[in-house]
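Starting from the known structure of chain A, arrange chain B with the ligands on it as the hints suggest.
Those sequence lines, one after another, are chains A and B. Every letter in the first sequence is one number past the one before it in this note's numbering, and letter 147, counting from 1, is 147. Every letter in the second sequence is one number past the one before it in this note's numbering, and letter 231, counting from 1, is 496.
No lab work stands behind these hints, which were simulated from the structure alone. It cannot be assumed that every hint is accurate.
The calculated label-pair distances, taken between Cβ atoms and stated as ranges, are [said to hold, decoys possible]:
#, chain 1, residue 1, chain 2, residue 2, range
1, B, E475, A, N25, 51 to 61 angstroms
2, B, R343, A, T221, 29 to 39 angstroms
3, A, D224, B, R520, 34 to 44 angstroms
What the simulated footprint calls covered on chain A by chain B, stretch by stretch (three residues with Cβ under 8 angstroms from a Cβ of chain B suffice, anywhere in the stretch; the number is not a length) [unchecked claim]:
#, segment
4, 76–90
5, 96–103
6, 114–123
7, 162–175
Straight-line Cα separation of at most 20 angstroms, EDC-like style, residue types lysine to aspartate or glutamate; simulated pairs [unchecked claim]:
#, chain 1, residue 1, chain 2, residue 2
8, A, K155, B, E342
9, A, K159, B, E344
10, A, K203, A, E218
In this text, all values refer to a predicted model and were calculated from it rather than measured experimentally. In this text, a Cβ means the ideal position worked out from N, Cα and C, and glycines have one as well.
Read off the chains here:
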Amino acid sequence: MIWAGAFPSPLCPKPTVETTLSIENLRVEYRSRDLGETTKIAVHDLNLKVGLGEVFGFLGPNGAGKTSTMNVLLGFVPPTSGTARIFGVDVREPIARQRIGYLPEQTYYYKFLTAEELLRFYAGIFQIPSKETEQRIDGVLKLVELDHARKRQIKTYSKGMQQRVGLAQALINNPDLLILDEPTSGLDPIGRMKVREIIQRLKGEGKTVFFSSHELGEVETVCDRVAILHQGELKTEGSVNDLLKEHSSNLEQIFLKLIGYSPQP
Amino acid sequence: MNTIWALAKVVVLEMVRRKDFYVLFILTVLLTATAGSVNLFNDRSIVRYLKEICLLLIWACGLVIAITCTARQIPAERESRTIFPLLAKPVTRGQFLLGKFFGCWLATGLALLLFYIFFGLVSASRDHEWPVLNYLQAAWLHWLMLGIVVAFTLLGSIVFAAPSSNGTICFVSAAGILVLGRHLNKVALSLAEPLQSLLYAFYFALPHLELFDARGLIIHGSELIRWDMIALATLYAAAYAAFFLFAAWLVFRRRPLN
Ligand SMILES: Nc1ncnc2c1ncn2[C@@H]1O[C@H](COP(=O)(O)OP(=O)(O)O)[C@@H](O)[C@H]1O
Ligand SMILES: [Mg+2]
Numbered sequence: 001m002i003w004a005g006a007f008p009s010p011l012c013p014k015p016t017v018e019t020t021l022s023i024e025n026l027r028v029e030y031r032s033r034d035l036g037e038t039t040k041i042a043v044h045d046l047n048l049k050v051g052l053g054e055v056f057g058f059l060g061p062n063g064a065g066k067t068s069t070m071n072v073l074l075g076f077v078p079p080t081s082g083t084a085r086i087f088g089v090d091v092r093e094p095i096a097r098q099r100i101g102y103l104p105e106q107t108y109y110y111k112f113l114t115a116e117e118l119l120r121f122y123a124g125i126f127q128i129p130s131k132e133t134e135q136r137i138d139g140v141l142k143l144v145e146l147d148h149a150r151k152r153q154i155k156t157y158s159k160g161m162q163q164r165v166g167l168a169q170a171l172i173n174n175p176d177l178l179i180l181d182e183p184t185s186g187l188d189p190i191g192r193m194k195v196r197e198i199i200q201r202l203k204g205e206g207k208t209v210f211f212s213s214h215e216l217g218e219v220e221t222v223c224d225r226v227a228i229l230h231q232g233e234l235k236t237e238g239s240v241n242d243l244l245k246e247h248s249s250n251l252e253q254i255f256l257k258l259i260g261y262s263p264q265p
Numbered sequence: 266m267n268t269i270w271a272l273a274k275v276v277v278l279e280m281v282r283r284k285d286f287y288v289l290f291i292l293t294v295l296l297t298a299t300a301g302s303v304n305l306f307n308d309r310s311i312v313r314y315l316k317e318i319c320l321l322l323i324w325a326c327g328l329v330i331a332i333t334c335t336a337r338q339i340p341a342e343r344e345s346r347t348i349f350p351l352l353a354k355p356v357t358r359g360q361f362l363l364g365k366f367f368g369c370w371l372a373t374g375l376a377l378l379l380f381y382i383f384f385g386l387v388s389a390s391r392d393h394e395w396p397v398l399n400y401l402q403a404a405w406l407h408w409l410m411l412g413i414v415v416a417f418t419l420l421g422s423i424v425f426a427a428p429s430s431n432g433t434i435c436f437v438s439a440a441g442i443l444v445l446g447r448h449l450n451k452v453a454l455s456l457a458e459p460l461q462s463l464l465y466a467f468y469f470a471l472p473h474l475e476l477f478d479a480r481g482l483i484i485h486g487s488e489l490i491r492w493d494m495i496a497l498a499t500l501y502a503a504a505y506a507a508f509f510l511f512a513a514w515l516v517f518r519r520r521p522l523n
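Just chain A, with the same shape it has in the complex:
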């Protein structure tokens, strides 16, 4: 059993530990002309495992490297070193993306399309048969409560509605793993609560959710486990309950302590 991780080849069918997502020694550096000669290390030798059916909170202040990590998971940026696997498949293979749903941060979907048309377009990319597509669209639009606005162009949507269209598009292929980048940022309390409810519903359906956030209150209520990242380095990782017990304070205090912030007296 301990060999499970040592054979990444497709010949070894399934690791015994049900990991959906595994990140090993991941390092992401940005080299760009704007930065001059220096390289910016966005993620520093990160190791993480997310198990099947878990809701995993990926926490950190702005600039911690959360989006950079997700960019590697989705194949947008090649890792400088290290590897990441989704369902045992290296993320550099396009096939790794068949079973995932992704909600990027702050996306403005094609504003000249209606929600229905947008979802039909994405379903087309997954080659979902058209009859099933309509059922899926009905299903996800109900889940994100946009049924009433499905025939309106997205440019007429409020920010919260846009974010929920984003969630709907992430769910259109009925993914087993959801990667959500700050799904609640910029939303009002009601919008946030709705997104939180959706995450909980998805967990109920047995899906694995990997999401980044810096809203600690909500993380405490929906996550099974969390990791706290600061300046590209993993500060801690563990189940929410264990962390709370270990530090005997709330998540916000733990977070602030780990990133080295001490309130002014």
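The following block gives chain B with the ligands in isolation, referenced to the frame of chain A:
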């Protein structure tokens, strides 16, 4: 294939729902109508002059539509960040580029269709004849030419960072080739040696967009072009478009997105 078609449909829908295309169309109609209303005597040469103006407008609008539509595609995807949820799905970057190419080319084709129908109505109202095959050849060649333009504009939108400068560069080069392309070899002859060979090489490497200009077919009603020549022109356009798309793919394939 389905993926490419899905991507292309969105581009076409975008053009149908945006206003700028209709503005160009109405402008062409108005300008042609103005030019036509000057013509009170229904003189043969004035009819030809009217047709020439209308076609020139169609050629200019065709270029503008093809280039503006193509030049904004990838920058807009990045700006609105829709490229992220899109490429997070099982879409390869090659499919993405092909989808954008076919979408822009189809959208341009639809616009051309509308323009040529309008032109046909105008000239039929004066000439009372319907040289359908002439129209077909002229429009097909025009559309092929725009296919090359779309492909290199797409390449430009990846190479040059700013979308507006890309649009301008592509428009100037396309218009430049159309106007000057056929004279470059003569210009070369008048130059001193290293420059002469350079300009000659340039002349041979250039996609000769002006070859696709068959406006004479519908202005003067000249004889039809041989169909094997049309087939050859089609191959020529396909080769250049493929070359530009391949170059675009080479640049875009490994580019980090962030
Ligand atoms: N394209 C880029 N070029 C240079 N530096 C970048 C780039 N993208 C992100 N960074 C830097 O990498 C660090 C991590 O950024 P990011 O992953 O976006 O953080 P988060 O999503 O946690 O807020 C930041 O310091 C940011 O400035
Ligand atoms: Mg971020």
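Hint by hint, which ones does the structure fall short of?
Structure breaks no hint.
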